[in-house]
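Peer 1: One-letter residues, chain by chain:
4 protein chains.
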Amino acid sequence: MNKLERINHPLKQLPNGDWLWVNIFRLSSGLTGPNVHIQANVHGAELQGNVVIYELINWFKANPFKGSISFIPFANPSAVNQKTGMYTQGRYNPVTGNNWNRNYIDFMSLDEKKSGFSLKNFVKENLESSEEDVRKKFKLELFNICDHYQNYLEQRSAAPEDGHFNLLLQKIASPSDIVLDLHTGPIATRYLYSADYQMESAVHFKIPYVLEIPSEFDGAMDEASFMPWVELSREFKKQGRDFLNKFEAYTVELGSEERISFNEAKLDANCLLNYLKHKGVHDVEIGELPITSSKKSLLKDYKTYYAAKGGLYEFCFAPGEVFKKGDVIAKSLNFKTVIDNESFSNAVSEVIAKEDGVVINHNTSASIASGQTLYQVMENLQTF
Amino acid sequence: MNKLERINHPLKQLPNGDWLWVNIFRLSSGLTGPNVHIQANVHGAELQGNVVIYELINWFKANPFKGSISFIPFANPSAVNQKTGMYTQGRYNPVTGNNWNRNYIDFMSLDEKKSGFSLKNFVKENLESSEEDVRKKFKLELFNICDHYQNYLEQRSAAPEDGHFNLLLQKIASPSDIVLDLHTGPIATRYLYSADYQMESAVHFKIPYVLEIPSEFDGAMDEASFMPWVELSREFKKQGRDFLNKFEAYTVELGSEERISFNEAKLDANCLLNYLKHKGVHDVEIGELPITSSKKSLLKDYKTYYAAKGGLYEFCFAPGEVFKKGDVIAKSLNFKTVIDNESFSNAVSEVIAKEDGVVINHNTSASIASGQTLYQVMENLQTF
Amino acid sequence: MNKLERINHPLKQLPNGDWLWVNIFRLSSGLTGPNVHIQANVHGAELQGNVVIYELINWFKANPFKGSISFIPFANPSAVNQKTGMYTQGRYNPVTGNNWNRNYIDFMSLDEKKSGFSLKNFVKENLESSEEDVRKKFKLELFNICDHYQNYLEQRSAAPEDGHFNLLLQKIASPSDIVLDLHTGPIATRYLYSADYQMESAVHFKIPYVLEIPSEFDGAMDEASFMPWVELSREFKKQGRDFLNKFEAYTVELGSEERISFNEAKLDANCLLNYLKHKGVHDVEIGELPITSSKKSLLKDYKTYYAAKGGLYEFCFAPGEVFKKGDVIAKSLNFKTVIDNESFSNAVSEVIAKEDGVVINHNTSASIASGQTLYQVMENLQTF
Amino acid sequence: MNKLERINHPLKQLPNGDWLWVNIFRLSSGLTGPNVHIQANVHGAELQGNVVIYELINWFKANPFKGSISFIPFANPSAVNQKTGMYTQGRYNPVTGNNWNRNYIDFMSLDEKKSGFSLKNFVKENLESSEEDVRKKFKLELFNICDHYQNYLEQRSAAPEDGHFNLLLQKIASPSDIVLDLHTGPIATRYLYSADYQMESAVHFKIPYVLEIPSEFDGAMDEASFMPWVELSREFKKQGRDFLNKFEAYTVELGSEERISFNEAKLDANCLLNYLKHKGVHDVEIGELPITSSKKSLLKDYKTYYAAKGGLYEFCFAPGEVFKKGDVIAKSLNFKTVIDNESFSNAVSEVIAKEDGVVINHNTSASIASGQTLYQVMENLQTF
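Chains as they are written, first to last, in my numbering: chain A, 73 to 456; chain B, 73 to 456; chain C, 73 to 456; chain D, 73 to 456.
Just so you know, not all the hints are guaranteed correct.
To be verified - Straight-line Cα separation of at most 30 angstroms, DSSO-like style, residue types lysine-lysine; simulated pairs:
{"no.": "1", "chain 1": "D", "residue 1": "351", "chain 2": "C", "residue 2": "138"}
{"no.": "2", "chain 1": "A", "residue 1": "186", "chain 2": "A", "residue 2": "310"}
{"no.": "3", "chain 1": "C", "residue 1": "408", "chain 2": "B", "residue 2": "372"}
{"no.": "4", "chain 1": "D", "residue 1": "133", "chain 2": "C", "residue 2": "408"}
{"no.": "5", "chain 1": "C", "residue 1": "351", "chain 2": "C", "residue 2": "208"}
{"no.": "6", "chain 1": "D", "residue 1": "75", "chain 2": "C", "residue 2": "403"}
{"no.": "7", "chain 1": "B", "residue 1": "186", "chain 2": "B", "residue 2": "338"}
{"no.": "8", "chain 1": "A", "residue 1": "186", "chain 2": "D", "residue 2": "426"}
{"no.": "9", "chain 1": "B", "residue 1": "211", "chain 2": "A", "residue 2": "397"}
{"no.": "10", "chain 1": "C", "residue 1": "403", "chain 2": "C", "residue 2": "367"}
{"no.": "11", "chain 1": "C", "residue 1": "408", "chain 2": "D", "residue 2": "243"}
{"no.": "12", "chain 1": "B", "residue 1": "396", "chain 2": "B", "residue 2": "372"}
{"no.": "13", "chain 1": "B", "residue 1": "372", "chain 2": "B", "residue 2": "426"}
{"no.": "14", "chain 1": "C", "residue 1": "338", "chain 2": "D", "residue 2": "185"}
{"no.": "15", "chain 1": "C", "residue 1": "338", "chain 2": "C", "residue 2": "367"}
{"no.": "16", "chain 1": "B", "residue 1": "375", "chain 2": "A", "residue 2": "408"}
{"no.": "17", "chain 1": "A", "residue 1": "138", "chain 2": "B", "residue 2": "408"}
{"no.": "18", "chain 1": "D", "residue 1": "351", "chain 2": "D", "residue 2": "138"}
{"no.": "19", "chain 1": "D", "residue 1": "243", "chain 2": "A", "residue 2": "185"}
{"no.": "20", "chain 1": "C", "residue 1": "338", "chain 2": "D", "residue 2": "403"}
{"no.": "21", "chain 1": "B", "residue 1": "211", "chain 2": "B", "residue 2": "351"}
{"no.": "22", "chain 1": "D", "residue 1": "185", "chain 2": "D", "residue 2": "318"}
{"no.": "23", "chain 1": "C", "residue 1": "209", "chain 2": "C", "residue 2": "138"}
{"no.": "24", "chain 1": "A", "residue 1": "351", "chain 2": "A", "residue 2": "309"}
{"no.": "25", "chain 1": "A", "residue 1": "185", "chain 2": "D", "residue 2": "375"}
{"no.": "26", "chain 1": "A", "residue 1": "75", "chain 2": "A", "residue 2": "133"}
{"no.": "27", "chain 1": "B", "residue 1": "408", "chain 2": "B", "residue 2": "372"}
{"no.": "28", "chain 1": "A", "residue 1": "133", "chain 2": "B", "residue 2": "408"}
{"no.": "29", "chain 1": "C", "residue 1": "186", "chain 2": "B", "residue 2": "375"}
{"no.": "30", "chain 1": "B", "residue 1": "408", "chain 2": "A", "residue 2": "75"}
{"no.": "31", "chain 1": "C", "residue 1": "318", "chain 2": "C", "residue 2": "278"}
{"no.": "32", "chain 1": "C", "residue 1": "403", "chain 2": "D", "residue 2": "278"}
{"no.": "33", "chain 1": "A", "residue 1": "396", "chain 2": "D", "residue 2": "185"}
{"no.": "34", "chain 1": "C", "residue 1": "186", "chain 2": "B", "residue 2": "367"}
{"no.": "35", "chain 1": "B", "residue 1": "408", "chain 2": "B", "residue 2": "310"}
{"no.": "36", "chain 1": "A", "residue 1": "75", "chain 2": "B", "residue 2": "338"}
{"no.": "37", "chain 1": "D", "residue 1": "138", "chain 2": "D", "residue 2": "278"}
{"no.": "38", "chain 1": "C", "residue 1": "138", "chain 2": "C", "residue 2": "278"}
{"no.": "39", "chain 1": "C", "residue 1": "367", "chain 2": "B", "residue 2": "243"}
{"no.": "40", "chain 1": "B", "residue 1": "138", "chain 2": "B", "residue 2": "372"}
Keep in mind that the hints were calculated from the coordinates and are not lab data.
Here chain A stands alone, though its shape is the one from the complex:
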């Protein structure tokens, strides 16, 4: 049986003095292989990943594998513990409004004073190093950048809460070859964010919908994890050498928020295990998997339908359902222009699909003001 150990990081001291903790659960095979980092619940209401981690730990305790694997369930205790009414206020820091998954740091774009690192120099010095050696050294540099930047943040007293939280996760992930950030949508189907350069691996997740994103930084953990490696390759190219970027990072969307399912988590875990097999983490055949041919869209074809007027909305299509241009995708109710028998029919309106698509998620509430989100959909779907 592979040995499970736990590492505890104090994350945040509350005003009354109590602490919130980040707990890392770590399994090492003792064999050479990829370092895998899997975290869940960075957004407070996005819970299912924690159960998937439970199933994965169960699996990795009992099965042979290579390399090491670190799990961080409940990665963001500030968020998961914040309630308004019965709901978890999930997506942003309630003090600052900052989205918990948009404050990671783009290390390669920091100036040297903040990072203590020059990519140009690093590549110059390692133009002749072996790929393996470059990877090893670069991981160490990433770790050091975290420290250096932390010092920069703390120049007046402590670091800001958001910066501290996101940087801690980046630091823990710095020695990794694979980073999986487990999220959910609001009321959503399962889907995957994958950078364009990883699409061949992405198919092994067996997740039905994949959003292909460009290799650019927009503040999220997956981007913050892969961008240094993308930039490393680019810089090697610039200095005349082809360096293969084998690093991969994904945001995995595991259905709807505010709920968990142990049964579904078994299948979700299998999807991740199937991908990890493809990446050489283990050799075990994974049995039950979703019967699916994945479809993908480009990020530019990920569209949002906003409400044109305030009212109550019934969603006529569920997450994962396909609709056609011209379909009634939502019906709304609003009595504001009803003043007599004739105008009564004004109470109900319809929202019509502008193009073919598939519903990825919809609002968690039927009560929606003008300008608030109805649906997020993928269009121009391609099988891959």
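Dock chains B, C and D against chain A, hints included.
Peer 2: This is chains B, C and D only, laid out in the frame that chain A set:
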């Protein structure tokens, strides 16, 4: 076609000067018959009643009936418009914490200085009046009490927001013979709150579960509506006359919050129409109704399961599902006592049913701190 | 030096598994004397009491006293740690809306099944006991009632969060002779809630304004603490014996919320020490005290000015300031009826005092909807 | 008397159907002169600007001026009306977390498909146009870009709330020569954000502290307003002509949030009038002005002190007060490491200034978790 008219009450002026409105939609048959008052959405996230009102207006526009009927959809604009994240903060005033359905006024318990009314004197003066006459006069008194109490509330400047809101609805409802307050639970089945003295009528709603509550005041609209009539009967009794209380008021729970369904609303409307037929509002046979034999519990058998520890909970039984003593009704996940392979099994725990019951509702979130609600259930169910 | 010890109660496990704690700091003199219980910060934003506790511990460490004293700073970690924007959401449970200081239990009104206690029988059995003996036994009964009621609450699984929290504080306070619950107002002066029967002691706090409340239960800690003793006296009376109620409990209001001041805390601590000297807890002369002759009002003369219209309000009188009938106490700004040069003067309105009074507190925000609180004031002030 | 007119924009329809409005108050002199746009209260709790607008309208009604002036008090009704407890949740959209002052659009960086505009072509076509002509045409282009981008946003149904709101204000401001965005800090002194190229004008506000920001875009209204003009100059330069950028935009910080003062607003209005005199809007000598020599810092010297530990903090320096390196600027209280007499002194800690500076603002609450803001300060102050 029966004529629909709209009456507008300014409810609340926001700090920027804009107004929130209460709009009443009214149909009068011109024939003698009961006055019916139907309101929805007093709790912000409880939406389905608005759609039921839409279906009912459609029906009453087109069908013959007796008496008059007033509808107040979106009865509480302060609540329905209050968002935190994508969710509607539904149950309480965000400034005061007051539950929007616990601040109605118990008119008969007010001292005369506040109400301008003496029940004892009213009965004494009407000991010889006809029942019809008593009802008519008493409705007028209820209306006057609202005015009198409003003046009391405004003694220093304006009335408090909560008091003003609840009193406005009571005032609008004062001429009614029947009051239906349309609510929903969190994630819930359909059920009905009925005072003990109304149970024979309650069965005509064809709603599967009925909570029989005592004829007492606990702040809700149904209680605030029927208690004056209950007290009126009691006072007549005390002064030696039997006075039949024909007034009825119910809280009707229409499933889960934060969602609407036009299809379900048709069936919900039929349930209400079937009850209203029983009460003489109309003679039309109502076709499609839930195939159900209603079950009831006493309020003392309406029990809450609270979380003994913090964690993520999977609810093993859905609203409306029956469970047995000893059943695992929930499974929870929490890594706090996991420190190695041996303690890993601590991560999952089970919640066991203490008695047989049926799930009425459960928490809207799987993420639950110790002491927060898991389930509300009915026990000791009886067919009636 | 008197010995300080700390006792830790786990209060609440968060969904991620972390705990919030109640920490009690206890000093025992070893001498016979009153047991004193002092808690602070039950409402999340009401902070100054924690600093006063700091000053009091400093004092009690160094000075001779009788009896024992327990301090609970940060008594409500659920509340003090809840932020929305930069502000602390202070007064109510964000899940249920329940005011943290309105859920204490009125033990003497519980039926025997819930409390395991009969006051009538207790008095009957102790008709001949010494006063000292009665007090000792009654404190023990109060402790046992807490346990008994806790079991009742936990009949289905755990107890509800609100009940659990308030009951824990009542249990800790059950052996006390004196209970001081340290609060603040919103933007407020210093004042004191005192039950009518304690007014002679209340004067020794040297706090400028005292609200005299009837010996009745309305859910607060002071009432929950003194009502059992009030009822005990009443029952003795009923059974023919005069029993002197020496128990006292106060809600002490220490200015404005969301702020602390170490300097002011020294003076606040002196006020409390002066009162405790009067009660025989110590003999030390307290030097610096506010130069004040206290004024009191009856609870019925504690009035609230609500906003008649939405707008921005400037408060023309500060907490502690006296105003006269007819004074302009607030000016408001609202452009909603301004449409041209002529109507421009509508933008500003005045709020006029209806009676003489003193400002106890006003809203923390100038941005106020109709029906929200402007001022709370005392009228019919009497020197005492 | 100059004529005041009002223009009403429906901004947002709430789920219940009620509307929130943006009302513009406009005065035109009929004479050639600058178009001035003054808005207030984009952040919900930042109220004082509305009163300043009241005072300015009063002034402009009665005094001769040139050009036209548009006022938008209560510019953001979504924000000003959002309460949690008694406080206004001010800085961000409660659904999305987006800071209301960080979602303006950087028109010049939009690709042509989104803006319908090419700066390069515009300059090419106007290389020979008079400055006055260029300004006139460019304002028209800005207006058209707003429309074009609005259409882009609405490609699936309506535009998102945040985008719609910010774009509406930009569209209203598009014909302006001067834009003043009136804000406040949390608990703050008066200060000004000025782009580097405007510093010579900035001094005429007579506001004590000025933050000199680079001419770059970071999402705020001032930047969104001046950046197109800055880019216009740069492009002219690139194409070989010097084009003088006379456009100016400022964020004016008027003290603390959640409060108003009519007296202070008179002085604030004078500051703005003094600046507008300098810009040729009027010729009237402005009497009472703050006696001040303004100090400035560069944005890089605007520093934040974050809390290193959770606790209650007393702020030892008020906004506007100067401190020295080594000064104790805050004291904190936290009992978590107190377990006995010896450790009691751990309860209080000090925060020490790292460099000389002046307090610009501090947290609105004394109750602060680790990583949350204590102070924002200016360092390296220079008189200018």
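Peer 1: Run every hint past the structure and note whether it holds.
Peer 2: Hints and how they fare:
| no. | hint | in the structure |
| --- | --- | --- |
| 1 | 351(D) x 138(C) | 74 angstroms, violated |
| 2 | 186(A) x 310(A) | 24 angstroms, holds |
| 3 | 408(C) x 372(B) | 51 angstroms, violated |
| 4 | 133(D) x 408(C) | 18 angstroms, holds |
| 5 | 351(C) x 208(C) | 18 angstroms, holds |
| 6 | 75(D) x 403(C) | 26 angstroms, holds |
| 7 | 186(B) x 338(B) | 43 angstroms, violated |
| 8 | 186(A) x 426(D) | 19 angstroms, holds |
| 9 | 211(B) x 397(A) | 55 angstroms, violated |
| 10 | 403(C) x 367(C) | 28 angstroms, holds |
| 11 | 408(C) x 243(D) | 22 angstroms, holds |
| 12 | 396(B) x 372(B) | 19 angstroms, holds |
| 13 | 372(B) x 426(B) | 15 angstroms, holds |
| 14 | 338(C) x 185(D) | 66 angstroms, violated |
| 15 | 338(C) x 367(C) | 22 angstroms, holds |
| 16 | 375(B) x 408(A) | 40 angstroms, violated |
| 17 | 138(A) x 408(B) | 27 angstroms, holds |
| 18 | 351(D) x 138(D) | 10 angstroms, holds |
| 19 | 243(D) x 185(A) | 40 angstroms, violated |
| 20 | 338(C) x 403(D) | 15 angstroms, holds |
| 21 | 211(B) x 351(B) | 19 angstroms, holds |
| 22 | 185(D) x 318(D) | 29 angstroms, holds |
| 23 | 209(C) x 138(C) | 21 angstroms, holds |
| 24 | 351(A) x 309(A) | 24 angstroms, holds |
| 25 | 185(A) x 375(D) | 17 angstroms, holds |
| 26 | 75(A) x 133(A) | 7 angstroms, holds |
| 27 | 408(B) x 372(B) | 36 angstroms, violated |
| 28 | 133(A) x 408(B) | 18 angstroms, holds |
| 29 | 186(C) x 375(B) | 15 angstroms, holds |
| 30 | 408(B) x 75(A) | 18 angstroms, holds |
| 31 | 318(C) x 278(C) | 20 angstroms, holds |
| 32 | 403(C) x 278(D) | 28 angstroms, holds |
| 33 | 396(A) x 185(D) | 26 angstroms, holds |
| 34 | 186(C) x 367(B) | 28 angstroms, holds |
| 35 | 408(B) x 310(B) | 62 angstroms, violated |
| 36 | 75(A) x 338(B) | 58 angstroms, violated |
| 37 | 138(D) x 278(D) | 22 angstroms, holds |
| 38 | 138(C) x 278(C) | 22 angstroms, holds |
| 39 | 367(C) x 243(B) | 40 angstroms, violated |
| 40 | 138(B) x 372(B) | 37 angstroms, violated |
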